[in-house]
Amino acid sequence: MDVSGILEEHKGRFQPVQVERLIPVEHDLGCLASFDINMLDDAALRADAGVRETYLQGLSREGTQLLVNELFTLPTVVDEDSVYAALPKRSLVLPREKPVPKEKPMTRWEKFAKIKGIQKRKRGAMVFDEAQGEWRPRFGFKGVNNDGQQPWLLEVPQSADPYQDQYQVRREEKKERIEKNQRRHQRNAEESAGKDIGLTPHKMRKRDLQSALVLSKGSTASMGRFDAELKGEPRVKGLRKKRSPLVGAAGVEKSKSLEILGRVAKGDSSATVLNVRKAQRAINSSKRRDAAGGGAATGSKRKGSGKR
Amino acid sequence: MRPLTDDETKVLFEKLAKYIGRNIVHLIDRPDEPYCFRLQKDRVYYVREDIMRKATAVGRRNLVALGVCFGKFTKTGKFRMHITALPYLAQYAKYKVWIKPNGEMPFLYGNHVVKAHIGRVTEDIPEHQGVIVYNMADVPLGFGVSARSTVDMRKVDPTGITVFHQADNGEYLREEDTLF
Numbered sequence: 001m002d003v004s005g006i007l008e009e010h011k012g013r014f015q016p017v018q019v020e021r022l023i024p025v026e027h028d029l030g031c032l033a034s035f036d037i038n039m040l041d042d043a044a045l046r047a048d049a050g051v052r053e054t055y056l057q058g059l060s061r062e063g064t065q066l067l068v069n070e071l072f073t074l075p076t077v078v079d080e081d082s083v084y085a086a087l088p089k090r091s092l093v094l095p096r097e098k099p100v101p102k103e104k105p106m107t108r109w110e111k112f113a114k115i116k117g118i119q120k121r122k123r124g125a126m127v128f129d130e131a132q133g134e135w136r137p138r139f140g141f142k143g144v145n146n147d148g149q150q151p152w153l154l155e156v157p158q159s160a161d162p163y164q165d166q167y168q169v170r171r172e173e174k175k176e177r178i179e180k181n182q183r184r185h186q187r188n189a190e191e192s193a194g195k196d197i198g199l200t201p202h203k204m205r206k207r208d209l210q211s212a213l214v215l216s217k218g219s220t221a222s223m224g225r226f227d228a229e230l231k232g233e234p235r236v237k238g239l240r241k242k243r244s245p246l247v248g249a250a251g252v253e254k255s256k257s258l259e260i261l262g263r264v265a266k267g268d269s270s271a272t273v274l275n276v277r278k279a280q281r282a283i284n285s286s287k288r289r290d291a292a293g294g295g296a297a298t299g300s301k302r303k304g305s306g307k308r
Numbered sequence: 001m002r003p004l005t006d007d008e009t010k011v012l013f014e015k016l017a018k019y020i021g022r023n024i025v026h027l028i029d030r031p032d033e034p035y036c037f038r039l040q041k042d043r044v045y046y047v048r049e050d051i052m053r054k055a056t057a058v059g060r061r062n063l064v065a066l067g068v069c070f071g072k073f074t075k076t077g078k079f080r081m082h083i084t085a086l087p088y089l090a091q092y093a094k095y096k097v098w099i100k101p102n103g104e105m106p107f108l109y110g111n112h113v114v115k116a117h118i119g120r121v122t123e124d125i126p127e128h129q130g131v132i133v134y135n136m137a138d139v140p141l142g143f144g145v146s147a148r149s150t151v152d153m154r155k156v157d158p159t160g161i162t163v164f165h166q167a168d169n170g171e172y173l174r175e176e177d178t179l180f
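If you're matching them up, the sequences are chains R and D in order. Going by UniProt numbering, the first sequence opens with residue 1, and the numbers climb by one from there. Going by UniProt numbering, the second sequence opens with residue 1, and the numbers climb by one from there.
Some hints here could point you the wrong way.
Said to hold, decoys possible - If you want a taste of the chain R side facing chain D, the calculated C-beta under 8 Å gives, among others:
id	residue
1	247
2	257
3	265
Note that these hints are calculated values from the structure, not bench results. Glycine is no exception: its CB is placed at the ideal position from the N, C-alpha and C atoms.
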């Protein structure tokens, strides 16, 4: 019996299972994807819509066929009423949507701990309070270190003033510790903020001060026109200083020059640094104090220099 | 052209005082005619007031010079004396050094004054003070800064530097294009 005719007819009804590709197609079965890097038929793509559509559909069918073929080579798991293929782990790496988070700059303590090799020790949040016979938080609400849970008796140290309130001392010490920690926190925050723009905290403060200075310069009624010039003052754009007139009244410029000369000649460059009147007053007052009685020797010495 | 600010005046006077001391008064307060200092393109000019008044008609860009140039302000705000100020410095000089004829040429070529070339020195020159250099015929040649006090000058060996060169008359030729 010749069945070739029937086979041919049967074959004609279905698409072929085997697909030929010039370059083998790559699969990533983990995410049910196949990657075909073969060239597309340029002529078919440029042809009219019907031809192009059938070409593209055929192409995707072949690709799917290859994927399904590959799936059937996988080891299978047989359940009660179905057969599963166990997918391997996917090899494709998808790029992440958001940028990788920046590493936080280390705080001063973290740097120090790293150098010293100090490990972070896990400390339980709860502590057993023997006096009350219960577990209580180490700090915070109802914590053991709270002011409400003070010991009923406090020893007065040998060196301390007996009339000093030791509870008050405790409170103040705690306050100081908190403030110190806050200052350190602030410093760490400033340092890390400056690190991004490559500035030290000192430079940052200087920059802020300069910008504030520039702002304040333009904030007077005359927009800083009559302000005294500061030493090392930044140059402000658009700020016009009041200059002396090009041709002043007779004698005004001369008297001004003579006045400056008087200052220069008296004590050379130090004329503007030393406030002579103030120094004189300080010396006089120290003399008076010496005359009145002892105990002012050190104070008078310091004040005698009279520097502003 | 504009008058000097207070700071600029102070810097200028401090420099001038090194050479002529309190005699700056005679520059400001003249019996003959009023004079003033004016700044034009970083240079300080000592100018008669009526000339200055006329110069106000000239724009800042077009004004090349007026009066006598005393020197210029550097970009860092210091003041440098120019040789053109020599006539006034020589007139009121506090400290003077006279150099022998064989020392004239080396000094006029921009060298320091060595001990061997000194003919005469004012008494009581302190160290690092401005001095005016004359030849033996009392013609001012330039100015400089004393390297040692008069007392110490005697101890220096003949090739030792006694006055550091700052400006000399040779600059009129050597620095003709930048001086004015």
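Numbered hints the structure breaks, given as an ascending list: Failing hints: none at all.
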